[in-house]
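Taken in order, these protein sequences are the chains called A and B. According to the working numbering, numbering within the first sequence proceeds without interruption in unit steps and concludes at 116. According to the working numbering, numbering within the second sequence proceeds without interruption in unit steps and concludes at 638.
Don't take every hint at face value.
Below, a list of computed lysine-lysine pairs in the DSSO-like style, where the Cα atoms sit at most 30 Å apart [stated by the list, open to error]:
| id | chain 1 | residue 1 | chain 2 | residue 2 |
| --- | --- | --- | --- | --- |
| 1 | B | Lys583 | B | Lys597 |
| 2 | B | Lys597 | B | Lys529 |
| 3 | B | Lys597 | A | Lys17 |
| 4 | A | Lys17 | B | Lys625 |
| 5 | B | Lys529 | B | Lys625 |
| 6 | B | Lys594 | B | Lys529 |
| 7 | B | Lys594 | B | Lys625 |
| 8 | B | Lys583 | A | Lys17 |
| 9 | B | Lys569 | B | Lys583 |
| 10 | A | Lys61 | B | Lys597 |
| 11 | B | Lys597 | B | Lys625 |
| 12 | B | Lys529 | B | Lys569 |
| 13 | B | Lys583 | B | Lys625 |
| 14 | B | Lys529 | B | Lys583 |
| 15 | B | Lys625 | B | Lys569 |
| 16 | B | Lys569 | A | Lys61 |
| 17 | A | Lys61 | A | Lys17 |
| 18 | B | Lys594 | A | Lys17 |
| 19 | B | Lys594 | B | Lys583 |
| 20 | B | Lys594 | A | Lys61 |
Every beta carbon over 12 Å from chain A, so not counted as near; a handful from chain B, in silico [claimed, not checked]:
| id | residue |
| --- | --- |
| 21 | Tyr559 |
| 22 | Ser619 |
| 23 | Gln624 |
| 24 | Leu634 |
Heads up, incomplete: computed chain A residues facing chain B, CB under 8 Å, no partners named [stated by the list, open to error]:
| id | residue |
| --- | --- |
| 25 | Gly46 |
| 26 | Glu56 |
| 27 | Phe73 |
| 28 | Gly104 |
| 29 | Tyr105 |
| 30 | Gly108 |
Source of the hints: derived by calculation from the structure; they are not laboratory data. We treat Cβ as the ideally placed atom computed from N, Cα and C, and that holds for glycine.
Take a look at the letters that make up each chain.
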Amino acid sequence: KAGVTQTPRYLIKTRGQQVTLSCSPISGHRSVSWYQQTPGQGLQFLFEYFSETQRNKGNFPGRFSGRQFSNSRSEMNVSTLELGDSALYLCASSLDRVGGYTFGSGTRLTVV
Amino acid sequence: QKEVEQDPGPLSVPEGAIVSLNCTYSNSAFQYFMWYRQYSRKGPELLMYTYSSGNKEDGRFTAQVDKSSKYISLFIRDSQPSDSATYLCAMSVEGAQKLVFGQGTRLTINP
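Looking at chain B on its own, in the form it has when it is part of the complex (with noise of 0.2 Å):
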């Protein structure tokens, strides 16, 4: 079993919908939570960072981490063409420089 599981997709969604990604975790020790969005042909650009437990908003995108359920979100709203990638999770413990990722979700936003 992989230490950060997340669902592939592909998942296609229509401009303007409110899109979730979602990874769990089977490592207690995470206490840092990312996530990433990686366009084709680039590396991936992180888009939230979270420390502990709770949510995080920043402009379309909200970063929710529930560490009783090892279960990490990211909410996009008002999805745009523009917002079409590969979102990556990604973990990591106190103390630790070595980031664990999930497989990616490829996402595409449909006009």
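Excised from the complex, chain A in its bound form (with noise of 0.2 Å):
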């Protein structure tokens, strides 16, 4: 069973560009999360989507966006990149329940 897929692994992107990543979560997984993790502040909660609706948004500028799409797949898009955007992006999803999310290996992404 193929887990969680991220794409690209890496990224270096230049101050003020933007960026998008790619999630394919498990087969038959319909709830897919983003998170942010940087070593100063941990695992931070981004947006949490379920059947191409977002149901939940963290504490992030609205520069940090996202989508679902019909086949569970997402994206999220980060516009006008900062350098303090440089973070390790990360997506779960999950059958739709609390605590059985599965991570993917996440998107490096670097802003210089």
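Join these two chains into a complex; the hints should help.
In structure tokens:
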């Protein structure tokens, strides 16, 4: 059974640019969440989607957005990148049971 | 004050030792409690999942939740070098899909 797949694994962007990250959940999982992980703040919740609807949103500026497609695949977008956006971005999927989240290996974003 | 507090360590113990990892929290609405293990350059892997109070055992791992003290623990028996990783506690309220994580404890098991 394939796990959660995130692409790309590594990304280097320039300040001011925008970036799109992709996540393919485990087959059959309809809930997809995104987290940002940094050494200073740890893992922080960005947003969660279920059946193409955003159900929950964390405390991040509007530059961070996401969407989910009918096949449950999800993308997150960060516009006008700042140096502080450098982080590991993790996607997690679930059948819709709290706690039963499986994480991908993440996308390491570096903003220069 | 953070909702979930976890000692970041690092924690270093000899192989075979019993390891105790802990988290405290302030939000009494938390009902779901989890422990994740994260190896370097990997995503977190779910180890234990507990609803409300009590103990749960899975092989060498035991999770305890004490809601009256707002305190959760993970015990690792007969620790192995392969257990060396960062351990993260996570919690959620009923009906929410948002996990609140502790900072993570970096654990090293020395052969």
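Hints and how they fare:
no.	hint	in the structure
1	B:Lys583 <-> B:Lys597	holds (17 Å)
2	B:Lys597 <-> B:Lys529	holds (13 Å)
3	B:Lys597 <-> A:Lys17	violated (42 Å)
4	A:Lys17 <-> B:Lys625	holds (28 Å)
5	B:Lys529 <-> B:Lys625	holds (15 Å)
6	B:Lys594 <-> B:Lys529	holds (17 Å)
7	B:Lys594 <-> B:Lys625	holds (19 Å)
8	B:Lys583 <-> A:Lys17	violated (44 Å)
9	B:Lys569 <-> B:Lys583	holds (25 Å)
10	A:Lys61 <-> B:Lys597	holds (25 Å)
11	B:Lys597 <-> B:Lys625	holds (19 Å)
12	B:Lys529 <-> B:Lys569	holds (25 Å)
13	B:Lys583 <-> B:Lys625	holds (22 Å)
14	B:Lys529 <-> B:Lys583	holds (26 Å)
15	B:Lys625 <-> B:Lys569	holds (20 Å)
16	B:Lys569 <-> A:Lys61	holds (24 Å)
17	A:Lys61 <-> A:Lys17	holds (25 Å)
18	B:Lys594 <-> A:Lys17	violated (44 Å)
19	B:Lys594 <-> B:Lys583	holds (14 Å)
20	B:Lys594 <-> A:Lys61	holds (26 Å)
21	Tyr559	violated (5 Å)
22	Ser619	violated (5 Å)
23	Gln624	violated (4 Å)
24	Leu634	holds (16 Å)
25	Gly46	holds (5 Å)
26	Glu56	violated (15 Å)
27	Phe73	violated (18 Å)
28	Gly104	holds (7 Å)
29	Tyr105	holds (7 Å)
30	Gly108	holds (5 Å)
The structure shown violates the earlier hints numbered 3, 8, 18, 21, 22, 23, 26, 27.
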